[in-house]
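Chemist: Take the given structure of chain U and dock chain S to it, following the hints.
Chains as they are written, first to last, in this note's numbering: chain U, 1 to 201; chain S, 1 to 201.
Relax, there's no trap hidden among the hints.
Selected chain S positions facing chain U (in silico; Cβ < 7 Å):
id, residue
1, Ile16
2, Glu41
3, Gln110
4, Gly114
5, Ser126
6, Gln133
7, Gly135
8, Arg183
9, Phe191
Below are the SDA-like pairs computed for lysine to any residue, each with C-alpha atoms no more than 20 Å apart in a straight line:
id, chain 1, residue 1, chain 2, residue 2
10, U, Lys184, S, Tyr50
11, S, Lys5, S, Thr125
12, U, Lys147, S, Ser188
Treat the hints as calculated values from the structure; they're not laboratory data.
These figures come from a predicted structure and were not determined experimentally.
We put the CB at the ideal spot given by N, CA and C, even for glycine.
Protein chains: 2
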Amino acid sequence: MTEKKANTRVEIDPLIAARWSPQAFDPERVVDSETVMALLEAAHWAPSCYNEQPWRFIVCNRHDNEVAWQFALSCLMSINQLWAKNASLLIVACASEVFSHNGNSNRWAQYDTGAASMNICLQATSLGLFAHQMGGFDAERAREIFKLPQELTPMSVIAVGYYGDIEAIEAGLVAGETAARERKPLESHFFRGDLETPYVF
Amino acid sequence: MTEKKANTRVEIDPLIAARWSPQAFDPERVVDSETVMALLEAAHWAPSCYNEQPWRFIVCNRHDNEVAWQFALSCLMSINQLWAKNASLLIVACASEVFSHNGNSNRWAQYDTGAASMNICLQATSLGLFAHQMGGFDAERAREIFKLPQELTPMSVIAVGYYGDIEAIEAGLVAGETAARERKPLESHFFRGDLETPYVF
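Here chain U stands alone, though its shape is the one from the complex:
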């Protein structure tokens, strides 16, 4: 169940096609420090408006800082805790909403942070790990626990780890874990020249 290649009209890069968001993580296998650094460097080199790099990532590793990891876990919606409790890393992704050079609002902060997080997910795939981003968490609790200053908006918690035992996940999650990946029709999200003209291949 570790492969769920995207079903595309034309070939795309194998890394992008292979990435998906599982729920069956291996709670035992340590993600070594070189691997964690590769995830961070991948995010670090994402592009951003004015090269601001508005992202802030807090890495909570159950194998070297269980307190922080438990804090991150406690922010998740209970439906996500059911499976994320097996992830080796929980990475809290925040967007810094002001430009550092002038203190003005950075309207690209969340957009650019999403790009950096995408690179974490792809780098995980590249190294044989899996990443699963969650929007389902209590942002106010995260703000309190991690003492986030006002200008940081917590955007997601990214579970990262090695694939585990699908037999070990909750019964209610198995169907989602084994189902084919789905997307809405491409033509309703991609357009040619104007919004009236769906992009048909």
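Modeler: Coordinates of chain S only, in the frame set by chain U:
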């Protein structure tokens, strides 16, 4: 000048390391339809909150719809027009700010759209093209020209094409084109367990 590999502490995926944002595009070379579709499929398979896929991309191709392409070009800040005038594609990336299933505000719309755009840039790299995102454009003009409904926020215009002739770019742009890629210290954007503890490798 087509290679500017990221300078990382540990090896990262070659695709992520190789991506950068040039200014010297080839105005003549057509991006064929299979290649465009690969860019779109890469974005299409990005993850998103509730699998909403909140992104909307309007592809403006100078070689098959010059009117739309000129419209997109006209939205850019003049400093960006100087080089983006040579890009084969200008793709307007928008975030749809409401969930389709209930009409509620989608606070992950921009974040998820940034992830999808990241995949476009990486897929471009994978196929030997280059992509350069711009925040520097007139969002109100884009809204008007492309008749964007209220719930769509234009986030960036992505120039895509093949590498061109560095001798042909404006004199004022050459230094940026040839300079090494830079990032702020990694430790100021990545943390271990809490915001007080920089992530030191």
